[in-house]
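Chemist: Based on these hints, arrange chains B and C on the given structure of chain A.
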Amino acid sequence: MVVQAFFVGVFGLAAIGFGVAVFRTASMVRSALALLFSQAAVGCMFLAMQAEFLGVLQIMMMATEMSIMAIFMVMFMMDPGGLGGMDMSHQKRFSIGAGAIAAATAISVALFSDWGPIVAEAPDAAMQTRELGFEMLGRSMLVFETAAITILTAMIAATAVAIPVRQPGVDTGKLDKGNGDKEQEASK
Amino acid sequence: MSEAATTLAGARKGRPSILRRWVGQALARNLSCLVVPGPEVALAHGLDLAAADMRIAATPRDATVLLIVGELSQKLDEATAVLYAQMPRPRAILVLGGSAPSSLPQADVSADLSQTELMEAATRLQRLLAEDAFAASPDDFDSSILQAKTEYVCPMHPEVVEDEPGSCPKCGMDLVAREAGGDSDAGEHDHDHDHEHEHHGHEHDHDHEHESEEHDHHHAHHNDHGQSHEHHHDHEHHQNHKRAHDHEQHQGDDDHEHAHCHEHEDHGHQQSTAQEQSGTEYICPMHPEIRQNEPGSCPKCGMDLEPHKPEEDEGVREGVPEHDHEHHHDHSGHDHDGHDHSDHDHDSSGFMSMVEVTKDLPRSADGLAMDWLEVPFGPCFPGLPGGLKLTLTLDGDGVTEGQATSLVAMNTSSEEVAVETFIERLAAAMPLAPVSYRLLACRAIEQAAGLEPDPAVERGRAAALERERIASHLGWLAQLGRQLSFVWLTRRAAALQLETQRADREQLVALRPALQSLIARLEHTPLLKARLKGIGALPHGSQDLRGPVARASGRTEDARQADAMYRELGFEMRAESAGDAWARLRQRHVEIMTSLDLVEVAGDPELPKLRAIDNPSGTGEATVETPRGRATLRLTQERGQVVSVELDSACSQHIGLVADLVEGQELGDALVAVGSLDLSPWEVTS
Amino acid sequence: MTVALVLLTLLVGAWLLAVIEAWLTTGRLRPVAPLLAGLSHLGRESILARKPDRLFFETAPVLLLVVAVLGAAVLPLAPDLVIADLATGALFLNAVLAYVLVSLIMAGWGPNGAYAMVGGWRFLGQLIAYSMLIVMPITATAMRAESLLNSAIVESQAGLWNIVYQPLGFVLFFIAAIALAFRSPFDLPTAPGELAGGVDAEYTGVRLAVLRLARLVMVITLSAATTVFFLGGWQGPLLPPWAWSLIKTLAVAVSMLLVGFYLPRIREADLLGWCWKLGIPLALLNILIVGLLILVVP
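Residue numbers (this note's numbering), protein chains in the order written: chain A, 2 to 189; chain B, 3 to 688; chain C, 21 to 318.
Keep in mind the hints are simulated off the structure, nothing from the lab.
Even for Gly, the Cβ is constructed at its ideal location relative to N, Cα and C.
One or more of the hints may lead you astray.
As the list claims (entries may be wrong) - Away from chain B, derived, C-beta distances all over 10 Å, residues of chain C:
#, residue
1, Val-32
2, Val-155
3, Glu-166
4, Ile-183
5, Gly-256
6, Pro-260
7, Ser-275
What the hints assert, rightly or not - Chain C side only, calculated, beta carbon under 10 Å to chain A, not exhaustive:
#, residue
8, Lys-71
9, Asp-73
10, Leu-75
11, Ala-107
12, Leu-111
13, Leu-117
14, Tyr-119
15, Ile-125
16, Met-126
17, Asn-132
18, Trp-141
19, Leu-144
20, Leu-147
21, Ile-148
22, Leu-169
So that you can see chain A by itself, here it is in the shape it has in the complex:
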């Protein structure tokens, strides 16, 4: 128990540390990867709390997602390497306010929720996975399906919006090919 608590603490601090690093660097790629490692540290917290499936899933998903975020940053930002020493933080006052409110909310939820009786022994990992499966394909199915369809719709819509409107009579032969690749990237 003590060991577990210790590791939860360590990974929690690591998550916060990497989170801070996101804003302390000028390089977009470093920033994105710092966010990745921050999220991976959260995944490790799950592992330390014996939620194996959730932890591994978190660690897996973040690698791809944050890498894709990194390439979008590099593609669209004017100084992705941070050679100009750009400051990552902006709207400071608003951010501080929002951060403080979010933290207060999270802490109060943690303190004032009724978490039920403490379970002496967590079910083993295989059992957890099984129960998670039943949960997701039973009670929560509608929620997940709705979310999935919404995300898919949003991706298709975003791609459709991103394709430049073709004007009749303008040769866009070269444009088509390039867009095909990008669409696929975006739809991921």
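Modeler: For chains B and C alone, kept in the frame of chain A given last:
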């Protein structure tokens, strides 16, 4: 040996320990060489590196030995020095046939151009490396060619390039140091060629530390704020111009924006009073419409705001120089044209709008605005013919524009030489097709002398020419294999090329099944057709096409059709029609088999030799269908001396096609397209 | 003990692969060559590119090696020869392999060179192509085993190996595994003829040695995964279980090399197009077929 030891450039000082001795022996038995000008030239000279236990390295970083094959042109010589500087120590230089390059340290081993000499040289090199890889007194390699010029560019506006640090006249961002490229014709790793060296232990050598310091200095240039104080001043100046202009034209607009920008700021109303009182305000170097009365960062892009006095606006406005005026006019025009209303709405929420930030950047084929990067490919790039330098402007991995130049182009304005020497020189100058050019020179001289073609001689010559065509096309296939990491093809085609080069008629006929099976296999290799089909398409009507490239586009262009000897041999031209890289591959397949048929009919190949000529003066012109297409040589000779020469070759025409072929293509496709032309940079006339 | 045995297997496998690879490219069989190459890298100068992202540059080769070894840690070579038989083993392998991408992005971005950078980002495109073809066939094998335990997946194949039960899944996984290990014909990030080594281009000395070792170990790990998921793992007659694992793993690894030897590099656009338009529908079909088989055949 002591001389060699100095240039072998042992990585560091100190006595050879047991570990070092092991490493030296390991290095010696594991030679990887960077071939200059390129592996295809080594093959064309009949060198089999694998047989000499040498591996071909793709990059200088991976090479132990710099293997120089033949004479290098001045430009290639300099590029080679850059490559050499990139090789990690211990490193050695092996020169085969030709004088040691002038920009490089003395060769560790030199030998003649032949397989036996190569084997022998490899053994010597191994002994040298095993013993002296970590010499006690390594000299540092430094050359004026390696001195890079530093230039300063704006991270956002690639077109802004200055000689000195400062800020961008367009957006005011600090300029970033980078190494100047382009005119120096440096090697493939141009962008980083004078790197900092990081040594393992305490065994630094002095020159190196010095070099590192120099680099730190470079760094300092753009990191140290104190140093660039002056430039900040400049920068404000520019900003002021812009501000001034905005005010002049769009007073109302500006005010409107003000209101917007500060809607969410607590000090919205305070600002105007503060401004009136103290007079100092802070503006964003990138977004002139962002101004506030206290330091902070821009809500749009997050950059630090720059302090600035509004009164200066007025002062500067009067003194705006004319050209600057125009310049900024452009810019402010962008800020305020109709479309921007949406941006403004956007901005008011405080988010950074990528649309706005990138809208002035040039767009590439896929419509994305990204940093453009000019990247040199060559002159010793593994996927391209050696000596060819391809400069591509990359946008992601798409090519925005590109341009090919030859670093080994032939210079035809030479001094008077004896005819025999001329023939030798011309043949030696074209390492990828020496027989064709020897034949061309012989024919032109004989024609100038008024000799009629002798069928018996012509027969042997035709066979030699066709043999070279087979070897050359096989060499191209090996090169294609290298470009596409198709190892089987590289090995098979290179082996066949080596066998073909010096084969007589009988041996060539015996190779027929091997060639047939190679071709049959390639036509059915999965992925190969998909890789080549539709790439580098040259339409039927394209100008300046010759040789296999023309015939792959369906043009009936072949100098051999006009040749009486070929008619006698039963030559029949066959042509593909699609005009893409796949058609070029198949065209070369067809030509390999056609040439084999011709050799079979014609008899043993004989190297062209100049026939006895009685009239050593006159003007002659001859045309030969070289493996890469028709070449025409016009020359004038006087009393056995060649006085003027004019060469018109296929590659001189084809190199001009590169720019159109690569534009808008994905990088891999662009390189395949360039490769499919089978350019020989030596045959480009300057 | 188990850890040492697994590591030894990986190293021996990597050495054998290097020997065979050199044999294919040069036509010479030299068993000591990989050792000599490794030794000579140790003595060579380590060059640091100018203005690198030093942290990424140094981390990338090590991360790749760690990823390859961690992946092998959850793969059983014999019933009791596995470092950690996690209850989420199949998923864990996926999670670990996702970090190959992170490593390559670091290796591409770190050295501040154009070839490396293009190579690194190219791999991101490649991941978008292959990743679904790794995950979906593994899902189908886990469906049959009704478990994410890798040892349970092996045991589920006692009667019939998955290569027969779900051949479609095997083909897709095998191709995707080559793409994941970025070996020819999917060597887009390194692409010697296009990018002069790409992500490898700026590495020298010890770092290069680590990078190359990591790539070889990666092939072994993926071959072991193919063995576990599709070739019945340690199962086989006569020989002891570990020997079967070893034989099957090496056979898969060598066939991966051979595929690369006889094929030219694929076009990036084709890779993306084929994977999405053909590969993913086929992978879904595979899941459907396996699902039906499980329900219909007892």
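Chemist: Tell me the hint numbers this structure goes against, listed in increasing order.
Modeler: No numbers; nothing is violated.
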